[in-house]
Amino acid sequence: MSGFLAEYGGEIATLTVEHLWLTGAAILFATAISVPIGVWLTRRPGWAKPVIGVANVVQTIPSLAMFGFLLPLPWLGERAARVAIVALTAYALLPILRNTYAGIQGIDRSLIEVARALGLTDAQRFFKVELPLAASFILAGLRTATVTCVGIATIAAAVGAGGLGELIFRGVASVDNRLVLAGAIPAALLALTCDGALGLLERWFRVPGPVSSPSAAR
Amino acid sequence: MNAAIEFRDVCFATAEGRLLLDTISLAVEEGTTTAVLGRSGSGKTTLLRTVNRMVAPTGGEVLVDGRSVRNADLIRLRRSVGYVIQETGLFPHMTAERDVGLVLEAQGRPRAERVRRSHELLAAVGLDPKQFARRYPYQLSGGQRQRVGLARALAAEPSVLLMDEPFGALDPLTRAEMQDMLRGLLASLEKTVLLVTHDLDEALYLGDRIVLLSEGKLVANLEPQEFLRSREPQIEAYVRAFHRGKQSAASGPVEEKRA
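Chains Y and U are the protein sequences, given in the same order.
When you line the first sequence up against the numbering used here, it's residues 96 to 313, in that order.
When you line the second sequence up against the numbering used here, it's residues 10 to 268, in that order.
Worth flagging that the hints you see were computed from the coordinates, not collected in a lab.
Watch out, some of these pointers could steer you wrong.
Incomplete in silico selection of chain U near chain Y, CB under 10 Å [unchecked claim]: (1) M63; (2) R85; (3) I94; (4) P101; (5) M103; (6) T104; (7) L111; (8) V112; (9) Q116; (10) Y145; (11) P146; (12) Y147; (13) Q148; (14) G158; (15) A165.
Lysine to aspartate or glutamate pairs mimicking EDC-like chemistry, simulated, CA-CA at most 20 Å apart [claimed, not checked]: (16) Y:K223 <-> U:E114; (17) Y:K223 <-> U:E122; (18) U:K226 <-> U:D208.
Pairwise CB distance ranges, derived in the manner of DEER restraints [claimed, not checked]: (19) Y:W135 <-> U:D18: 35 to 45 Å; (20) U:R76 <-> Y:W142: 31 to 41 Å; (21) Y:W135 <-> U:A246: 44 to 54 Å; (22) U:G75 <-> Y:D217: 24 to 34 Å.
These figures come from a predicted structure and were not determined experimentally.
C-beta: ideal position from N, C-alpha, C; glycine also.
Work out the full structure: start from the sequences and follow the hints.
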């Protein structure tokens, strides 16, 4: 066991960092895309169904197929990491988009009315009222997206994008269970850590009150 | 005396064509309190909301301090008119201190000033800032929440205060306390108040004038004493409906009631 760690420890660490970077970049992009769109949808609710529907369809594409689709595209296909980040971003869109939309839509209408009646500008109403009230909800979406992406990122190794999936694929090819576990265990731990850390963040942003679940808080 | 709020032939029809306000003309004198009574759906709240242009009248003119609100800058207008609503008006993610200072925050005033002002106002509405400034709405009782709501409405020193059934959701004892507090506060503040209420006693206690709306029309605009003495059928009906309990308890023999 110690011999195995001595041999592969460095590689596991490098691949973990790579895994984290693929996921992190994708979550960043997905947030930058989904949060503004989600907010925009609350202003144009008529668009919510079709737009969220599209994100939903994207979510149903099998990940291996998604990587396969993207690989032959110009520019993207040049670097496997680009393919992986774009694919992971696509998967992260739905949970963040849906929660941003639902989080803001779910705010008690009378509070929005009060914000208007007090003479808050549209921007002030958004940043001082809507965003803080929806924050824990949006973060819950971010958390779901992150955990999903950590899992899917293992498949990115199939197109040579690196990450912990590389150990898993190599282990499967060489029928070496130790290698499979060397990829799978850190990936699982990574998912759990992200889940825990974002859970804390979500709690931090939760609207103060006696109720503990974000959905019941309104 | 000048009219701080003036309604001139104000009409409001919904998109479906239902007339909620029917040519209402009314002048509210500076520094007085006018209580607006009427059934649910009589247009009380709609009338109130035309003042800060939360509702835009489909006809007529609303003037605040002699200026029409039609072309007023909405943000400026709303910040200059205090607004208190029933129950749910406090933001659940804000402490009392921040909520009260929110309009000042929106105006970009420095934090120290906001805190000082909001502590001052919390004290004015009977909440010790040391004890209550850092509390969230869920840590306050219904009456305390309404006090915070009132303090918030006063923060930007508005000359006009709109109150939409501010005590409607409170139990009778708390409600009476709040009415006393408000009466004391108004006596010293010289605000022009438009108070929407269901409660005739509240209207009589707080109002310098009483306005009765029925189906969007103004039925009466009288002083409290005149209102009680009025022989106008709609007013009589309203007064009678309100005092039924008192009369039946006073006139009916006790034994009979028990049986």
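Item to check | Hint validity - U:P146 Cβ closer than 10 Å to any chain Y Cβ | outcome: holds, 8 Å
Checklist entry - Is the interface hint for U:Q148 satisfied, with its Cβ closer than 10 Å to some Cβ of chain Y? => result holds, 8 Å
Next on the checklist: Just to be careful: measuring from the Cβ of U:G158 to every Cβ in chain Y, is the smallest value less than 10 Å?
Outcome noted: Cβ of U:G158 sits 9 Å from chain Y, so the hint holds.
Checklist entry - Any CB of chain Y closer than 10 Å to the CB of U:V112? => result holds, 5 Å
Next on the checklist: Next item in the hint list is U:I94. Is there a CB on chain Y closer than 10 Å to its CB?
Outcome noted: For U:I94, the interface hint holds, since the closest Cβ of chain Y sits about 7 Å away, which is under 10 Å.
Checklist entry - Can the restraint linking U:K226 and U:D208 be considered satisfied, given a maximum Cα separation of 20 Å? => result holds, 19 Å
Checklist entry - So the hint says 31 to 41 Å: do the beta-carbon atoms of U:R76 and Y:W142 match that? => result Holds, since U:R76 and Y:W142 (Cβ atoms, about 39 Å apart) stay within the stated range.
Checklist entry - Holds or violated: are the alpha carbons of Y:K223 and U:E122 at most 20 Å from each other? => result With a Cα-Cα distance of about 19 Å, the restraint between Y:K223 and U:E122 holds, given a limit of 20 Å.
Item to check | Hint status (Cβ of U:M63 to nearest Cβ of chain Y, threshold 10 Å) | outcome: With a minimum Cβ separation of about 6 Å from chain Y (threshold 10 Å), the hint on U:M63 holds.
Next on the checklist: Does the closest beta carbon of chain Y sit nearer than 10 Å to the beta carbon of U:P101?
Outcome noted: holds, 5 Å
Checklist entry - Taking the beta carbons of Y:W135 and U:D18, is their distance inside 35 to 45 Å? => result Holds - the Cβ-Cβ distance for Y:W135 and U:D18, about 40 Å, lies within 35 to 45 Å.
Checklist entry - Is the interface hint for U:Q116 satisfied, with its Cβ closer than 10 Å to some Cβ of chain Y? => result The hint holds - U:Q116 has a Cβ within 10 Å of chain Y, the shortest such distance being about 9 Å.
Violated hints: none; the structure is consistent with every hint.
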